[in-house]
Amino acid sequence: MNTHREEVRGRTVVCSCLFYLEISALAPRKPTETGYRNMQKSLSIDPAKCTGCQQCELACSYDNEGVFNPSKSRIKVFNFHDQGRFVPYTCTQCDEAWCLHACPVDAISLDTATGAKIVSDQMCVGCKVCTIACPFGTINYNQSTGKVIKCDLCEGDPECAKACPTDAITFVDANWTGLEKMRAWAAKTDSSVSAEA
Amino acid sequence: MAWARKILRVNLTNGTCADEPLNMEWAQKYLGQRGLATKYLTEEIDPKIDPLSPDNKMIMATGPLTGTCASTAGRYSVITKGALTGAIACSNSGGFFGNEMKNAGYDMIIFEGKSPKPVYLLLQDDSAELVDAVDYWGQSCWTTEEGIKEKHGDPLLRVASIGVSGEKGVKFACIVNDMDRAAGRSGVGTVMGSKNLKAVAVRGTLGVSVDDASAFMGAVAAGKDVLAENAVTGQGLPAFGTQVLMNVINESGALPTRNHRDAQFEGANNISAEAMAEPRESDGKPNLVTNAACFGCTIGCGRVSTVERTHYTVKDRPEYQIASGGLEYEAAWALGAATGVDDLNALTFANFICNEQGLDPISFGATVGAAMELFEDGVITTKETDGLELKFGSAEALTTLVELCGKGEGFGAEIGLGSKLLCEKYGHPELSMSVKGQEFPAYDARGIQGMGLAYATSNRGACHLRGYTVASEILGIPEKTDPLVSEGKAGLVKAFQDATAVVDSAGICVFTTFAWSMDDISPQIDAACEGDWSVENCMAAGERIWNLERKFNLDAGFTGKDDNLPQRLMKDAAKTGPAEGKTSGLDTMLPEYYAARGWTAEGIPSNETLDRVAL
Chain A
1 MNTHREEVRG
11 RTVVCSCLFY
21 LEISALAPRK
31 PTETGYRNMQ
41 KSLSIDPAKC
51 TGCQQCELAC
61 SYDNEGVFNP
71 SKSRIKVFNF
81 HDQGRFVPYT
91 CTQCDEAWCL
101 HACPVDAISL
111 DTATGAKIVS
121 DQMCVGCKVC
131 TIACPFGTIN
141 YNQSTGKVIK
151 CDLCEGDPEC
161 AKACPTDAIT
171 FVDANWTGLE
181 KMRAWAAKTD
191 SSVSAEA
Chain B
1001 MAWARKILRV
1011 NLTNGTCADE
1021 PLNMEWAQKY
1031 LGQRGLATKY
1041 LTEEIDPKID
1051 PLSPDNKMIM
1061 ATGPLTGTCA
1071 STAGRYSVIT
1081 KGALTGAIAC
1091 SNSGGFFGNE
1101 MKNAGYDMII
1111 FEGKSPKPVY
1121 LLLQDDSAEL
1131 VDAVDYWGQS
1141 CWTTEEGIKE
1151 KHGDPLLRVA
1161 SIGVSGEKGV
1171 KFACIVNDMD
1181 RAAGRSGVGT
1191 VMGSKNLKAV
1201 AVRGTLGVSV
1211 DDASAFMGAV
1221 AAGKDVLAEN
1231 AVTGQGLPAF
1241 GTQVLMNVIN
1251 ESGALPTRNH
1261 RDAQFEGANN
1271 ISAEAMAEPR
1281 ESDGKPNLVT
1291 NAACFGCTIG
1301 CGRVSTVERT
1311 HYTVKDRPEY
1321 QIASGGLEYE
1331 AAWALGAATG
1341 VDDLNALTFA
1351 NFICNEQGLD
1361 PISFGATVGA
1371 AMELFEDGVI
1381 TTKETDGLEL
1391 KFGSAEALTT
1401 LVELCGKGEG
1411 FGAEIGLGSK
1421 LLCEKYGHPE
1431 LSMSVKGQEF
1441 PAYDARGIQG
1451 MGLAYATSNR
1461 GACHLRGYTV
1471 ASEILGIPEK
1481 TDPLVSEGKA
1491 GLVKAFQDAT
1501 AVVDSAGICV
1511 FTTFAWSMDD
1521 ISPQIDAACE
1531 GDWSVENCMA
1541 AGERIWNLER
1551 KFNLDAGFTG
1561 KDDNLPQRLM
1571 KDAAKTGPAE
1581 GKTSGLDTML
1591 PEYYAARGWT
1601 AEGIPSNETL
1611 DRVAL
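Order-wise, the sequence lines are chains A and B.
Counting in this note's numbering, the first sequence runs from 1 upward without gaps.
Counting in this note's numbering, the second sequence runs from 1001 upward without gaps.
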């Protein structure tokens, strides 16, 4: 006899592709329709500053799992060894989140305070359809719990950003994730030279 | 907690892997990693055995902090009887392997016996098996690491392996993990090769916990702040790496040059951190690509470098036109100043090959320096070197020999004997710049007096990482002492040696001690571990570990007479620089040191001392 969980799994695998197509076709909603609060913040990642130390993974896994365990981290640092590049990567909290729309049991919801897409462990059936739907691979199955895990922005105070020793990961105004890069380029713009000429 | 409380015992002769509980009584006395594994080794092997016999054991060990979020807490060590020295060997490595091993649920892996055929250990959490390594035998560390990941379809495996040098019995072969981090010294890779063990591949997903999480997070955060605010760990090391020292030590007159004939190198600036940051003519890019951190490290002293693509070493070899582990100070010194070579590209290439084939660049470079002196003195000729002009300053000789030595071929096999056996073979043992068979690192004992004593008394042979008095004598940490004065150095060396034993045994990096004192370290250990790890108890453990290592060496046949330096450092004064006219004051420092340690005039721990340190 199939358990409820197995039945759901069977249904969702069939439906997954349909869900994916449907979400892909969705037009972006206007900001006023999101119901988000103002002044949200986003994780901003600058790979050029990353040294690959994985303190972010330690902080993430400790906050979420209560132990230091990078294999259960929601953020992952990739080491492109032969290029000398380190890139931290995690969920960027899509406005139209593929994972949220794909979930057949509505286990993923929007935290309107932070903008994070949150997985409910009570509702998640571990079908992994969200892992197929996510174009970025940032929601993953955790076989020790049978649920999926993803970044939830730590209720608006992300541990990874606090743990990063080089400011490669920062938590900044969602409307101005490019502010520091703009500032850096602005600093290189010297109009006085041409003005004097 | 903090300890995984479990050991994996791998019997290579029988092909078996078995779990056993960690001896927690010993853990309370020897902490972990270096100390605890030494305790196991001394209990399980006869110190007199041939290090390359199946009777030797090789222990890969993590510390209680390994895998936690304490800064730099990703270290592991390899403890065995050293192939290069015949003394206790403990080689420490960073990268990510140590953390992975701890996450697989093990404090240590003890390898014993000898496999009838080449194998590697595949450890995935609680599943351990020995796998046929025939496909990788004869391959480099780089090929092996990539091959094993590909074979198992698991890019997240962490691999520690030996290169061809370790298979061929090069005496200073190391164990390389994560492509360019190494348990480098004393020939621990040679021991691994003698056991027909090619690699250890680990994947761990179980997590690491600590005893008092709240206290631990507080102590760790405070420690990280100290590192960030310190000029060396917060600025110097991230920006310049350990290479920040090249010009500093040269100006101090303590940069051993051309096999210690000189104490200053005219080409130092060409191979320095500053040179690594200088844009090159051919491509406008500097040698240094970026800095890199080992697991959990908030300092990030590691270097990632490229060799200039137009350079003779790589121009027809695209496989080396990559970014990989760059020069650290010790490697740059050994490959450069010790051989008189100041070609930064050649040094970077030689460093790549050391990582690829698992060679300790310190012993390799220093042995090439000794061979160059033998050549210039006419003791060896192109007949022995297969036509190679082995002159000081020859980049071509250096880069040719590193490839030959990495494969244990031609005159490279002779280099692979290490400087002691090489110089003895050619009748000039006095030209080996070594203690207990292990080559000196990058500080001249005439210009930094404390280091002479630290070398002479280091339990694993000449080594800067057993008591880094350079911190005090040159950098003024924790307080400045005069590097040219030998008075007062005995106590300083002892204090550094004991503290370092604690740092190594905890699973963190010794570079933290540029900023951290035991007041910063002990609260982190104490919060993570059961038991009382006060500053006093930590230092007591450090002294206990030091005496335990000493006891192993004495039982292996070493005596106080081996606490010595080559005559060159005792008789031939430095010719230039601040140390001009100076020789090592070891003769006066050593008796003071023995007294400070509570050892007899022959260098044997007295019964009172053994009681005091609870041995």
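Just so you know, these hints were derived from the structure itself, not from any lab.
By construction, the Cβ of each residue, glycine as well, lies at the ideal position given by its N, Cα and C atoms.
Be aware that one or more of the hints could be misleading.
Stated by the list, open to error - Covered stretches of chain A (chain B as the covering partner; in silico rule of three or more C-beta atoms under 8 Å from a C-beta of chain B):
| id | stretch |
| --- | --- |
| 1 | 65 to 77 |
| 2 | 83 to 92 |
| 3 | 155 to 168 |
Tested hints:
With 8 residues having a Cβ less than 8 Å from any Cβ of chain B, the stretch 65 to 77 of chain A passes the three-residue criterion, so the hint holds. Only residues whose beta carbon comes within less than 8 Å of a beta carbon in chain B count, and the stretch 83 to 92 of chain A has 4; three or more means the coverage holds. Look at the stretch 155 to 168 of chain A against chain B: 3 of its residues bring a Cβ nearer than 8 Å to a Cβ of that chain, three or more, so the hint holds.
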